[in-house]
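Trainee: What follows is each chain in one-letter form.
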Amino acid sequence: MTSFVFYVFAVIAVAAAVMCIVQRSPVAAAMWLVQTMFSLAAIYVLLGAYFISAIQVLVYAGAVMVLFLFVIMLLNLGHDARDLRGASAIAAGVVVVGLLAVELVGLWAYTPARIAREASAAAGPEAARAALMAGLTTQQETAARGVVGGIAAPLFQAYLVPFEITSVLLLVAIVGAVVLAKRKV
Amino acid sequence: MSPFDLMSPMGATMALLPELVLTGWSLLVLLVVAWRHETEQDSHLAGWLSFLGVLLAGATLGMLWLGGAAPLGPTHMIALDAYRFGAAALILLSTAATILLSLRYLDRQRLLAPEYYVLILLAAVGMMLLAGAADMIVLFLGLEVMSISVYVLAGFDRFRRSSAEAALKYFLIGAFASAFLLYGIALIFGATGQTNFTLIGQHLGSARLSLMAGLGLAFILIGLGFKVSAVPFHMWAPDVYDGAPTPVTGFMATGVKVAAFSALVRVLLEAFPAAAYLWQPVIAFLAIATIVVGNVVALTQQSLKRMLAYSSIAHAGYTLVAVWAGTTLGAGAVLFYLVTYTVTTLASFGILASTEHVGSRTILVDDLEGLFTVRPGAALAMAICLLSLLGFPGTFGFIGKWYLISAAVAQGQYILPVVLVLGSLVSAGYYLPVIMAMTMKASRTQDAHRQVTFSVAARATVAVAVAIILVFGVWPTGPLAVALDSAKSLGAATSGRR
Amino acid sequence: MLLGPALGLSAILFTLGVAGVLIRRNAIVLFMCIELMLNAVNLAFVALAQVYGIGGYMMVFFVMTVAAAEAAVGLAIILAVFRHNQSIDLQNINLLHG
Amino acid sequence: MTSSMPAPGAVGLVWLAVALPLAGFLINGAIAMARPRAKWLVSLVGPGVLLGAFAVSLAILLQLRQAPPDAPYVVKLWSWLDVGDLKVDLAFQVDQLSAVMLLVVTGVGSLIHVFSVGYMRDDPGYARYFSYLNLFIVFMLVLVLGSSFPVLFIGWEGVGLCSYLLIGFWFGDKANADAGKKAFLANRVGDFGFLVAMFMIWHTVGSLEFSAVFARAPEVLTAGAATTITLFLLLGCVGKSAQIPLYVWLPDAMAGPTPVSALIHAATMVTAGVYLVSRASVLFALAPATSVLTAGIGAATALFAATIGLRQYDIKKVLAYSTISQLGYMFVGVGAGAYTAGVFHLVTHAFFKALLFLGAGSVIHAMHHAYHATHSHEDAQDMRNMGGLRRYLPVTYVLMFIATLAIAGIPPFAGFFSKDEILASAFARGREDPVWYFFYAMGLAAAFMTAFYMARVMAMTFLGENRTGEAERAKLHEAPWIMTGPLIVLGVLSAVGGAINLPPMFGGHELLEHWLDPVLAPALKLRPLVMPEGSTEYLLVGAAVLVGVVGLIAGIRATLARPMVPARQAPPDVGLARVIYRKFYVDEIYNALLVRPVVWLSDKVLWRIVDQTLVDGLAVTGGVRVTYLIGRLGSRLQNGQLGFYAVLFVVGVIWVLRTIMG
Amino acid sequence: MTAFLASIGYDRWILHVLLATPLIGMVVVIVSPPAWARVLALIVALFELVVSLGLWWAFDPSVPGMQFVTKVDWLPMWGVSYYVGLDGLTIFMVLLSTCMMPLLVWGSWHQIDFKRRGFYALLLALKTGMLGVFLAMDLFLFYCFWELLLIPMYFLIGIWGSSNKLYASEKFFIYTFSGSLLMLVAIISMVWIVGGATGTYSFSYDHLLAHRDLLGSAAPWLFTAFALAFAVKVPVFPFHTWLPDAHGEAPTAGSVDLAVILLKMGTYGFLRFAIPFFPAFALSRTVSALVVALAVTGIIYGALVSMVQPDLKRVVAYSSVSHLGFVMLGIWAGTVQSVQGSIMVMIAHGISTGALFFLVGMLYERRHTRLIADFGGLAKVAPLLATAFTITAFSSIGLPGLNGFIGEFLVLLGSFGRFPGATIVATSVVVFAAAYLLWAVQRVFFNPLVGPENEKVRDLNFREIAVIAPLIVAMVWMGLYPQPILRRTEAAAVRYVETVRPHVQPTAAAPVVTAEAHP
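Chains as they are written, first to last, in my numbering: chain H, 98 to 282; chain F, 13 to 510; chain X, -4 to 93; chain Z, 322 to 983; chain S, 713 to 1231.
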């Protein structure tokens, strides 16, 4: 059942992504992208990441994409026939992307068992087991402290440094956006 | 200094003191800027204040470095070793020089937005984090902090279309590359369950890499290869370097590269030491392609700035030769070469920045004709810089190249050194015409170069750089020792290899 | 656990993002394709979090932050370019070349 | 073998014979540079040093005569080249042969110096002239005195240098400068042979000192080695002594002042080849094949040059070809192993040819002055402009007549004895190999022609009607005493010079033969001299005299039979006469076959094609250009299109993936 | 004299003084007023000359190895030291260099009329570089000096050269740079290979020479890299095309320095490094054959091409190709005579070609042309100039009694046993050498004096005589009494010969001459 739902959303996500990259109108492309993001949010739920699913909808589909749409509207970008590259460029793009896909296709075959096998082959069974235990621990944590609580604790303890860095990142983004946007030519 | 427990907030704070000081200082500057952002004086105030901040950060860095700061237990998120300090010091040097060189440049180009300096400082924070990252997360975030700042800096010249174009190109392709890097991090995480370099290294062990780990390694190489502008991921570099304001170009060519190379070396040596058999061929080909393309295309450039852009690509190729070695010696060579390269490149971009004036078209090589007669000091300094870039004995650059070649040769590698020197040969073909134009040709117009003026700060910066080039070119013992000691601190992963 | 399919979907979406970057000329749409790639990576992290736990979720957070920051700055840059060019068609943005 | 003790008496002062002319060179050279008009000092120093050297030579000769040494004296000045096992001292070897040469060089040299004082009196380059002449004597003495091949080579090349300078003495005229260069180059071809011979000698014998080489050579040299060495040596001799095929420089060398022609290109330098063969007689004796070739070249040259001499109008050209021809005789002599005969002819030839040249100089001097006085631009050397000069230059006429008789081989004049000895020795070799008879016949034919062309010269110059021109005729007069004096001395020597080696047949004691015996004995031991017996000898003498007399008479009659006109009015020669007049077009052939191809090759092929096109153009500039082209291509790829950059980026991605995963 | 020198500790400081004085002089010249530049340079040059003359006596000819040695750590972590010394191979290069220096300054006195400070400063810097190349016994140091030379020369040609100076200077730089870059890799590789095997990483010459056997299979590659660097500098055909341009366009001082010292660095490199390090490969049959073939080709080719040059300076330049071919031949023949001869050719070529360049420079100052066709008959108006030129030309031709002969004779004599055919071919150049120089002399100084410019040419003045006269004296002295020089170079030559002897391939005896009893 889970996998059936997964595949339904997967197909929607892929189809929406395809539409996004071939749609000539920027607004339509953006809407298709939002569609993909929603599908992904659904898949996150299937994968047990409820909180992530929520912020996917809030931050990505909500905030970020709105910003995109806002800019598209601001620039009054219409339906432009030239938005896609020429046929040869598209062909080249498809070819290289095809080759890229060929390299990546092997990822489909991954199962937790295979990961466990490879990990123990590389780092020895002890280390592998320790690494794989982490997933279980997280589930227990989540069960014990709630969806947000399971994430919050590590965020302010083990991941404190990156978390602080994100603040700097946002500061940079603010300053940068302001600097770029506030000036008139 | 007792070791820091990086897991504790206190320890992490101490370990990140330079970055924190710089961040805090940038907030302070931002505050000042909020009130004072109109005149040249305001701009200068922000600049000097930022310079002070860099000095402060440098002081704390020195404190950590000289105090022998070391982590208690395994590293966590941020490295605490001499290699990080060395790279950070170099980044601060580059930052300080960029600030000094920008002071008058911004006036001349009427870019009176003091936020410039805030962005410079924040970019430096990002660079330092990137260079010092011991964890993929910090690596990625540091890279983004740096990149986003630099995107903005590249587009900072609002009067020029080319500046905006440079920013757009840099941003789009940079984000594109970041996605690859991120995907690589994801796959490595998938293969090991870790993001810490050392732990990744331990988990990967010395077995053959699994599919996922291999893909991860490849994508990480690509992501970092983009940042060091290795061919074929370099295409953005000439355009962006060309379009960005000249001091920013200097900053990009030095600070960004220092950070990216340090990160690359650290990732390869700490996370993938046993996979050298996989990444060495890639690095080797990247090095060859970078050296060849950088040099050969530089040969045909008319614009001085663009020529220097290609030349900086070529230098990335040289540096990759030592990265290839994957040894302590190689790491030391990378760091050392980055020092020589940074000093020289900053000085040359500084001189270039001083020869530009508002509204002028791109500076062509021919525009320097007769510079020696009018501004002998500038011409001489430029000539020395170019010779150092060429790797001429008696200059810092020569010692650096010597070190690079040694690192490769020590591993029994001869092809890369040969490509390196052949690349240097080609580079003579574009460095020399500049020297020739400055010293051997007569200026075309009576009052050529009269507008070329150097602020005291720029003059001092260039003079110091040239002095470093010459003094360390003859007596490099100090920096050599520092570079080698720093490389040794890269640690356990490199054991067993000279 | 839906590990393989999720990773596969992630790969497909990533590849589609790359394809979008290669075939589009509009800077904003191109940027959206990059966002798609980041989403694909997020999916991979979430999928892997099933095995490795919290680390994957953490990465997703940070990636989202980065994406937001990039969006802010990126769109500002696009605006700046638009002001100069009255267009964000990348084919017209080639002042710098050679 | 080498007496390393300090040489006694006059021999020990042999360096003085060299040093005096050297001092003269330096003084005259300094004067030439600083005060070219100070002629009196030059006139004093120039001939003075020569006379001093002559005195030293005479003293040495007397000392050797009084106390003949059993080994040559070697006077070491200093160590020149001492490298590894190569040891060459700058040393002079004094023995009977070098003593003779010393005397000839300084003696004839002195006379010519004295003559020059008069001849060159009005020349602006007077001091320069004497400095060159002194320098020549220095090198000539080094040549004859050198105790080893390299030292001899110093002189050998040095005389070539002086010859170059003196031929081109009036360098303002391109022809003169050309002639000097040509002489030097032709000599250099010979020097190449000399050098290679030296290398071979050193690598086979292990020394370059004469005494050591000649002592060891018979033991260590195979016939093949000796032949090769001597062939290369012979090349050197052929160059210096103007034999076929390298003779072409000598006629042109007449561009120099006439006393120079007398000294360098008749009496001394050109005989160096003969001297060298005699000096290296041991080596040549070891290589009979080379000896035959030597004689063959000599005979051919003698005949060939004499033929050309028949139809020349320039008085000096005739004498030049005559010199070549006479040198050919000497080669026949030394080739036949009759080294004494060769040296004998060398000496007598020095007397009579110097006399002929100086006499010609006297004639030219007179002609030149005559034309100069009337501002006429006629050729003062063309015999067609002369005629009947015996009335105006009686002394010269008489003396030149003696010389003509000497060169024509009329007894009892000097040339008769020496030439006869050479021909006899060649004839006698006929018993070993019939080819020698052929050489003899060529020699005899050449002797006839010699008599003929000399008679022609005398007839055209001194006999018949004068063709100089009305106005000029009045200005013709005999040379001053300073010029005629040396002529008289040489006349006497030409007349009685044969006495120094008068054969027993004529009641003599073969003085020279005995004198040179210590030097030549080793060679003669290896290859004994063959001489014809009594009756044959008389026959040969008879034939030689007959040929000479007939030739003289025929020459005079044939010349005077036809009316002659001055050169300006003379019709050009036609047919064979023209071919001979143009010297069988040898110069033109050399030019077309050797000189032009080499210059063409150097210019068009080596420089333009190899250097500029292939190396510099294709390899160097081409490499640079290709690099630039690649660069331009790369620059073209950098087209500013972000989409394209992304494509390349992804291509790179795939490439990295393939490298790592593949 | 020796005692006096010992009493002042001459052998301890002389080399450092020689190296440092020009550098100090350079700084002084730069900071002084332009008008003083030439005087200061002359003072420095004369000081250098006087000081260096002591070497003549202080040098001990019986010692085959290095003298005046100093070794101080420079970059100890890399095994680099300041290691200088002098032996028979180099003493005359050093003396030649110091002796030439005052003449260069003196000869440029009026010729250089702008940017004087720069000119003399570079000239002095060049001097340090040249001396350093010959004195350095540490390969790192050697390489530094080797490359450093390029810069002053590059500027000398590029700033003070004649019409086509830019092309010539860049060509010079890139050409020679290309050769030496591979040597850089080779040097580093050698140190690492030897270091890896012995545990001692050192750039010292002795260390590397002592362990040359460890280089093993890398030797061919390393040799090739070294050889390329040196071959370009020599220059060996076909790497010579930079030379005519550089010589032709350089100012007189530059041409002279090029001829006197720079070209010798290449042959010196072969003698000191390329062959002693890799004797087995360098002297193998194939390599010998190739080098000798190139050397002989160069000898003949240089002479022939020289003959048809329209530009007087290029005539001399190509003649250098020819002369240096002799040096190569002699070095490869590896006999005492040939090696001594090579050294002699190096010295003699320096003096006579240097003098020729001076003279051509003087002609150029008078007529502002170097095209032979523009001259003619100058001997009439400038007899001293003509005489000096002729003497020098004959020295260059190799007239016995002048210096050119000694070297060529010894080289050919020594090489004949090893390469008879090649030697004979090389000997034939005596004809062509005479041809190109005499032809040039004739067209410049002889022939009719035409053209008002030529008639107005003045003769040498006192300054010019002072420049040329010492050189002519040296030519005669070396030609007649070379023994003092030969004696001082002998020990080093013998050492070289002994170093390479085990590797000399036995060759067939001369095809026609068989040596039976060689004493």
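Keep in mind that the hints were calculated from the coordinates and are not lab data.
Even for Gly, the Cβ is constructed at its ideal location relative to N, Cα and C.
Any given hint might turn out to be false.
Stated by the list, open to error - Below, a list of computed lysine-lysine pairs in the DSBU-like style, where the Cα atoms sit at most 35 Å apart:
no., chain 1, residue 1, chain 2, residue 2
1, F, LYS500, S, LYS1168
2, S, LYS1168, Z, LYS495
3, Z, LYS846, Z, LYS495
4, Z, LYS408, Z, LYS495
5, Z, LYS360, Z, LYS846
6, Z, LYS397, Z, LYS408
7, Z, LYS925, Z, LYS408
8, Z, LYS796, S, LYS1092
9, Z, LYS925, S, LYS783
10, S, LYS1092, S, LYS1168
11, Z, LYS495, S, LYS1092
12, Z, LYS796, Z, LYS495
13, S, LYS783, S, LYS1168
14, S, LYS1092, F, LYS453
15, S, LYS827, F, LYS453
16, Z, LYS360, S, LYS827
17, Z, LYS397, Z, LYS925
18, Z, LYS360, S, LYS1092
Said to hold, decoys possible - In silico contact screen, one side only, chain X against chain F (beta carbon under 10 Å); selected entries:
no., residue
19, CYS28
20, TYR47
21, HIS79
Trainee: Against each hint, give a clear statement of whether it holds in the structure.
Mentor: Right, here's what the structure says about each hint:
1. The straight-line distance between the Cα atoms of LYS500 (chain F) and LYS1168 (chain S) is roughly 75 Å, outside the 35 Å bound, and the hint therefore fails.
2. Straight-line distance between C-alpha atoms of LYS1168 (chain S) and LYS495 (chain Z) comes to about 20 Å, which keeps the hinted pair within the 35 Å bound.
3. With a C-alpha separation of about 51 Å, the suggested pair LYS846 (chain Z) and LYS495 (chain Z) falls outside the 35 Å cut-off, and the hint is violated.
4. At roughly 43 Å between alpha-carbon atoms, LYS408 (chain Z) and LYS495 (chain Z) are farther apart than 35 Å, so this suggested pair is violated.
5. Taken as a hint, the LYS360 (chain Z) and LYS846 (chain Z) pair is broken in the structure, with Cα atoms around 53 Å apart against an allowance of 35 Å.
6. For the hint linking LYS397 (chain Z) to LYS408 (chain Z), the alpha-carbon distance of about 12 Å falls within 35 Å, and the restraint holds.
7. With a CA separation close to 44 Å, the supplied pair LYS925 (chain Z) and LYS408 (chain Z) exceeds the 35 Å bound.
8. Distance restraint check for LYS796 (chain Z) and LYS1092 (chain S): the Cα-Cα separation of roughly 31 Å lies within the 35 Å cut-off, and the hinted pair is therefore satisfied.
9. Taken as a hint, the LYS925 (chain Z) and LYS783 (chain S) pair is broken in the structure, with Cα atoms around 54 Å apart against an allowance of 35 Å.
10. Of the pairs offered as hints, the one joining LYS1092 (chain S) and LYS1168 (chain S) holds, with about 11 Å between alpha carbons and a cut-off of 35 Å not exceeded.
11. Simply put, LYS495 (chain Z) and LYS1092 (chain S) have alpha-carbon atoms about 13 Å apart, close enough for the 35 Å limit, and the pair holds.
12. In summary, the hint linking LYS796 (chain Z) to LYS495 (chain Z) is supported, as the alpha carbons are separated by about 30 Å, within the 35 Å threshold.
13. With a CA separation close to 57 Å, the supplied pair LYS783 (chain S) and LYS1168 (chain S) exceeds the 35 Å bound.
14. Our distance criterion of 35 Å between C-alpha atoms is broken by LYS1092 (chain S) and LYS453 (chain F), whose separation comes to about 40 Å.
15. Restraint check: the Cα-Cα separation between LYS827 (chain S) and LYS453 (chain F) comes to about 13 Å, which is no more than 35 Å; the hinted pair holds.
16. A C-alpha spacing of about 49 Å is found between LYS360 (chain Z) and LYS827 (chain S), which places the hinted pair above 35 Å, so the restraint is violated.
17. Pair hint LYS397 (chain Z) plus LYS925 (chain Z) does not hold up; C-alpha atoms about 50 Å apart against a cutoff of 35 Å.
18. Distance check on the hinted pair: LYS360 (chain Z) and LYS1092 (chain S) sit about 19 Å apart at the alpha-carbon level, within 35 Å; holds.
19. Of the supplied interface hints, the one on CYS28 (chain X) holds, with its beta-carbon coming within about 9 Å of a beta-carbon of chain F, less than 10 Å.
20. Taking 10 Å as the C-beta cut-off, the interface hint given for TYR47 (chain X) holds, the closest approach to chain F being about 4 Å.
21. The beta carbon of HIS79 (chain X) is positioned within 10 Å of a beta carbon in chain F (closest approach about 4 Å), and the interface hint is therefore held.
In this structure, the hints that do not hold are numbers 1, 3, 4, 5, 7, 9, 13, 14, 16, 17, in rising order.
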